[in-house]
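> Each protein sequence line maps, in turn, to chains A and B. Sequential numbering of the first sequence, starting at 331, is according to the numbering used here. Sequential numbering of the second sequence, starting at 7, is according to the numbering used here.
Worth flagging that the hints you see were computed from the coordinates, not collected in a lab. Certain hints may be false.
Which stretches of chain B does chain A cover? Using the computed rule of at least three CB atoms under 8 Å from a CB of chain A, they are [as the list claims (entries may be wrong)]:
#1 34 to 40
#2 52 to 66
#3 83 to 92
Now the in silico label distances, taken between C-beta atoms and shown as ranges [said to hold, decoys possible]:
#4 A/R833 - B/L10: 29 to 35 Å
#5 B/L56 - A/G1128: 26 to 32 Å
#6 A/V934 - B/A11: 38 to 44 Å
#7 B/I37 - A/V459: 38 to 44 Å
#8 A/R833 - B/M7: 34 to 40 Å
We put the CB at the ideal spot given by N, CA and C, even for glycine.
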Amino acid sequence: MTPIQRHKALERIWGTPPGWGRLSAVNHTVIGKRFMLTALVFFTIGGLLAMLIRIQLASATSPFMDAGTYAQVFTMHGTIMMFLFAIPFFEGLAMYLLPKMLGARDMAFPRLSAYGYWCYLFGGSILIVALLLGVAPDAGWFMYAPLSSATYSPGINADIWLLGITFVEISALSAAVEMLVSILLLRARGMSLDRMPIFAWYMLVVAGMMLLGFPPLILGSLLLEAERAFGLVFFDPARGGDPLLWQHLFWLFGHPEVYIIFLPAAGVLSTIIPVFSSQRLIGYRAIVAAIVAMGFLSFGLWVHHMYATGIPHLSLSFFSIASALVALPTAVQIFSWLGTMAAGRPRFSIPMLHVGGFMFVFVCGGLSGVMLAMVPFDLQAHDTHFVVAHLHYVLVGGFVFPMMAAAYYWLPHMTGRQPVQHLSHAAFWTVFAGFNLTFLGMHLTGLLGMTRRMHAYSDPAWEALNFVSSMGSFLTMIGFALLALDLVLMILFGKPFRRDPWRSGTLEWAMPTPPTAYAFAAIPSVSGRADTLDVRRIGRDLAAGQGLLATPRGEMETLGVDPLTGEAQQIVVLPRPTFLPLITACATAGVFLSLLLKVYPLAVIFAAVVLTLFLRWSRSPHRPQMMDAGEGLILPNHLASPSPPSLWAMRFVIAADATAFASLLFGAGFLGISAPGWPPPFWPSAGWMALFPILPALVAGAIPRGVVTVVAQAMVLAGFSLILWKMEGITEHAAASSLAAVAIFAAVHTAIGLVMACWAMRRDDTDRRIVSLWQRYAALVAILSAVFPFALRLLVGGVA
Amino acid sequence: MKELAFLVAGFVLWSVAFIAIYAVQATGCAIGLQTGLLRAILIGVLAVFLLAGGVVLTVAMRYRAGPLGRSAVLASGAALIASGLTFSGIFWADLC
Chain A
331 MTPIQRHKAL ERIWGTPPGW GRLSAVNHTV IGKRFMLTAL VFFTIGGLLA MLIRIQLASA
391 TSPFMDAGTY AQVFTMHGTI MMFLFAIPFF EGLAMYLLPK MLGARDMAFP RLSAYGYWCY
451 LFGGSILIVA LLLGVAPDAG WFMYAPLSSA TYSPGINADI WLLGITFVEI SALSAAVEML
511 VSILLLRARG MSLDRMPIFA WYMLVVAGMM LLGFPPLILG SLLLEAERAF GLVFFDPARG
571 GDPLLWQHLF WLFGHPEVYI IFLPAAGVLS TIIPVFSSQR LIGYRAIVAA IVAMGFLSFG
631 LWVHHMYATG IPHLSLSFFS IASALVALPT AVQIFSWLGT MAAGRPRFSI PMLHVGGFMF
691 VFVCGGLSGV MLAMVPFDLQ AHDTHFVVAH LHYVLVGGFV FPMMAAAYYW LPHMTGRQPV
751 QHLSHAAFWT VFAGFNLTFL GMHLTGLLGM TRRMHAYSDP AWEALNFVSS MGSFLTMIGF
811 ALLALDLVLM ILFGKPFRRD PWRSGTLEWA MPTPPTAYAF AAIPSVSGRA DTLDVRRIGR
871 DLAAGQGLLA TPRGEMETLG VDPLTGEAQQ IVVLPRPTFL PLITACATAG VFLSLLLKVY
931 PLAVIFAAVV LTLFLRWSRS PHRPQMMDAG EGLILPNHLA SPSPPSLWAM RFVIAADATA
991 FASLLFGAGF LGISAPGWPP PFWPSAGWMA LFPILPALVA GAIPRGVVTV VAQAMVLAGF
1051 SLILWKMEGI TEHAAASSLA AVAIFAAVHT AIGLVMACWA MRRDDTDRRI VSLWQRYAAL
1111 VAILSAVFPF ALRLLVGGVA
Chain B
7 MKELAFLVAG FVLWSVAFIA IYAVQATGCA IGLQTGLLRA ILIGVLAVFL LAGGVVLTVA
67 MRYRAGPLGR SAVLASGAAL IASGLTFSGI FWADLC
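Extracted from the complex, chain B is given alone in its bound form (with noise of 0.2 Å):
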């Protein structure tokens, strides 16, 4: 089943980061975190997701000749530049 593993785990990735970056902001903004340190803390979560994406990607490149390989591979690559894309407002738009 690791195939079929492979296929979700960037885009689960993607939505841990989704909810971990969401509540970092709000719970954030809400105990009035200073800007600086909120948005340092953002990049440094955001950097963890990208990170462990580029590892999901790299297994899942291992296996692409098997089973649903080539999707796993697809799905992967399209979650991670998915992630760069939905949280660079973290690099320039207001937090609060």
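So that you can see chain A by itself, here it is in the shape it has in the complex (with noise of 0.2 Å):
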């Protein structure tokens, strides 16, 4: 077979279908790039609104919005960023680059990838749909109640935020889940852990901490919205609520995020920087080392935001120590790009030029943070325009300037055209000294006393400080216009090239560019740390069909590994391009644009539906077999393997899913412990039949497959049925609605363990193993459901 024949046979397996067809696209080539350019308009949108912030405060005479548009128009310009630009735009980078720098053809799951693009989409749309009618969320970013409450917050915008949101953090999830498993299984022959680009170590770090960080946003934002909606108390200081834990739950994802933004745009830097210093990166295991700290040690920081809410000295210190700490990972990063540049020949190419802006803006902002992380410092700048300046300077220097030598590095990639560089020096520099401008003077505007929010001010000793971070914010922009005109110019009148233009060292390059669907024509073997690779050889020999399966069979075929020795372990079958991810996703919207506008018989159905979906998902072609990898190897093929992508999928969901229900355990006991209004006047009980669904939960788990496990499941849920039919109050005091939220909990697992041990009776032996996981999980969750009344009970006993 020929290459030219062999491109062709791959381009009819892997290609997306023109026309409507494209709308069924799965390919994480044509999925990443959906993602980065929907992030890139989210990202427009955000920064108009950045602008109309700063005309309002250009002077104390000027203010042309309203107490209630600003809000809306300051909540929505850090909603966007967080969480439609700057998130996303990483996860499509992600899922164009981690299987081309792993040598795979796809991600694991190409059909996840789709429908977390579309409920991105979807759920993003709706916010900006609220903004043009006006009535966007005004709460602010982070939804503090209780101004997000009903009482205080009695509109629709609110609940636009808080199910808008959720709705988008299903893709965030999906990503997770999809870089997990594909980091860990769908490398190229012989890639062990210890020799992956280090991109892909930062991806895997970051997609933990996601898996585990958004979870509690999540619940947090499904108790407000149900206390909201229905009046069950979680956060209402006179129902036995209280509003700091909506702070820990928010804060609990909140400040992870920072360093899930962070992390990636560490990755691009990790990976940018030895290329145009000709070194090889210096410290690769300590930076591994230090990546693993950041991921922990963000996890004990969530209450450095909320210093000034009175907790206990000695509270005080974990989180400031431990905010303090993480300054040291970070500092690990930073002296080895430093020694790497040091130790090679720097190149002071474009991408570089960015570099040199990320370390000078985010060192800036790191520095801030630390004082910030102070107690006694924090006291004083806490809510003031001081700490608005220090996120920006971490967030843009940490996250912008890496995407924008992202953008110079790898756009070539994408587009097979190198950058023309009229107009690349011009749009950094106007980008650096106007956020400089901006920002800089926003440390003194705060120091001086001006808290964040407020629409107008009288202080004349603000006006001049304000004015001048005004003019910066519009120079920045154009920055920003001259740099987007710079990548169209590329776009179009860049200079070809064949392979390879920075003479780096990673699998990405080894290809066509622009990529083919296929990404390659042969998967590849590596013998050696994968970020120092002759690329140009092995794209040769790739294109000629030297690797593992290089001859097309009419599937879309990968190697699956040892998630740590690399060593070739079964060959994973893709499914096809299919409209199912955007059907699905569009049953998701009516889900939650049903609880949105309060038809709640409605949701109930699409939420059937969106289930059936799924199930119809599952439904495959291929059949347990061993097949011909290629060079002599024969290899099961993932339905044949014992470790299937999917199952180790379903670990991955069973942890996001058991962070979400610890939260939720820790929001009864922290509010038990901790609210007003406790003990409470009443404690709803069914008795001693709460008990009830122990004993079969038990079964359950202990033979989670067949008829057993069906009959056992139904009883179980009809036992936790039974105890909220029971259940009276539940409006009326925290306490009942606490044990009424996590007896809804282990309903609903149970009900799906039903559902799925129905499905799994005719299923194979790969699908009955991974329903068996769900199981047994399901039946943890009801055991301690069941037995959390008593123990709440109890704890409230011995706190009163």
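Grab the two chains, each in its own frame, and use the hints to assemble them into the complex.
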């Protein structure tokens, strides 16, 4: 088979259909680019809102928005930048790059990528439509209760945030599962974990953080929406709730999110700097340890947003010290980058200019972060423009500059054209100067006492600084416009090249550019660290079919490896383009819109449709079998493998779900110990009947398949339904609301287990193993939920 | 997969210690435990986790020649130091 014949055959198999067929795309290159482009559209909208904010604050005498409109504008600016730009942009970049860097042909679950994209697009669109209709969220991007409660935000605005963001976060969770499984299982032969390109390490840790970071936010949003829509009590102190619970749940997500945004950018820097320094990355192993340390430490900082809430000194010390400690792994990376540059011969091309911009801005932001980590200073600067300046230095420095470097570095990969550099320098310096002009002075505005989110002011001392900030913001906007123009010029008139224009050493350059749908004509083998490869030679060899899976068989095949050693283990056969992700996302949008419009029966119907569609996804024409992988290697397909990707995915889904469950139990315990109005005037109780679900749950956990499980899960569901039926006063006190929430959580998980148990009766062994995992987990949730009311009562009794 | 487990084990322990110490402190304060007794319990909990962290570091050092071995040693060491520093407040700060 000639390379051209192979190319045509693979393109027929992997290509996305034209016309309306594009909506059925599942290919990682297509979906990754869609994510990034959509994120840039949202970035533009968020940027325009920032301009409105700066016009409003430019002088003490020219406010043009009333307080209500201004509240919508700053809330949407923050929400868009955090949820609709930063996270989805790097998700897109990761989807586009990871398979290509790792030597795979696609992500592990292409339909999940497509589903995540549609959820992101629809969820984000709901928020933008709300903005256009004048009913956008207006309680700030972190939606603090009680301001966001039905009492103080009675309209639909807050509901749009709570439901819209939860809808968008489906895409973040699906991307997390997708990235974890893809990085661990779908790599080139021989690419052990310690040979992976460093970017993949960053994304592995980030995906783990997303998996555990987003569930508390989703749970908090659902609890707040339940309080607003149904009158349940979690955050209302008059009925045993506590607004601080929202802060805990939000920042349990919110602080790791800063690192979730920074780490992919750091991964970009760790990839680009060695290439432009002509020097292997120094301290690879130390960086791996540093990323892991950052991943964990970032979860121990959440209360540093809550120093002013009156928590005990000892607790403050934990969070303050952890906040300072997280600077150390960051410093390890920065010194590693500096060392790499010092040891090599840096070429200051355009991407490196943006790396320089990052170094300056991010280090400034990091230092002001260490200042804010110190409790006494934070109490002075809390909720002022100093904090606004700090977070912009960290996020623009830590994300936007690296992403601009990434754009110049990888856009040639996407387009096949190199930068023309007519506007590149001017664009960089305009953004850099404009940014510093905007935010440097804002530190002083904050220290002078200007609090964030005020829509008008009268102090003349603030006016000059605010005016400079506003002028700087316009300069920044001009810089971004120049940058966009420069990138468009590059796409249209850039210089074509053959392969690897930057002389890099990672596998994404060992393919034609722009990339083909199948990425690699054959799957490469790797025998050393995968960031110093001879990309040009490997590219030629792969195009000639020298590698695994080089003979097209009509299926979308890629290699599955042992997670640690990279030894070839299985052939993963991926699904073809399909409209199912789009249809499922439309049905999911139906659920959220029904909840938003408070047509609850319709929401239940849409939820049933979503469940049915997901079950339909599992239909597969393939059977377990052994297959020829080429080069004399015979491997099982994923259905015959003891460790298929879907089994790993279920493990990760359960980990995310367990985090939400643990957060719920923590929330109820927190209210019991800390909230005013406890112990409650009455305890809702189903008596010893509350323990009824335990026995069948034990059975379902011990025998997690077959008719026995169906019967057992049905009994557990009946038990929790009865408990909920008997529960009284759930809108009167947080105790009853919390116990109802726990029982509902258990009932929903049991119901899912029941459906899955019925479905698995006629499925193959792999599906049954996956379902068994869920049954065991659902049984554990049921048992803990049945025991929890007694434990909570005991705890509250001790406190009383 | 034990290499991967060693890479994260130290910081998993740090996380569990964080939850345990924070929970003991909050509950102890809420139920009105005597300051001296609460401090002693907290010191005991921290000691257990430091000991466990030391064990993880020792075992990780045995495997340092393998894949991810050096990263695991660095991460375990960092986690042990982080545990000592993060929770040092139990010796000197006001508990409630």
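> Look at each hint and say if it fits the structure.
Verification of the supplied hints:
no. : hint                        : result
1   : 34 to 40                    : holds (count 3)
2   : 52 to 66                    : violated (count 0)
3   : 83 to 92                    : holds (count 5)
4   : A/R833 - B/L10: 29 to 35 Å  : holds, 32 Å
5   : B/L56 - A/G1128: 26 to 32 Å : holds, 28 Å
6   : A/V934 - B/A11: 38 to 44 Å  : holds, 42 Å
7   : B/I37 - A/V459: 38 to 44 Å  : violated, 50 Å
8   : A/R833 - B/M7: 34 to 40 Å   : holds, 36 Å
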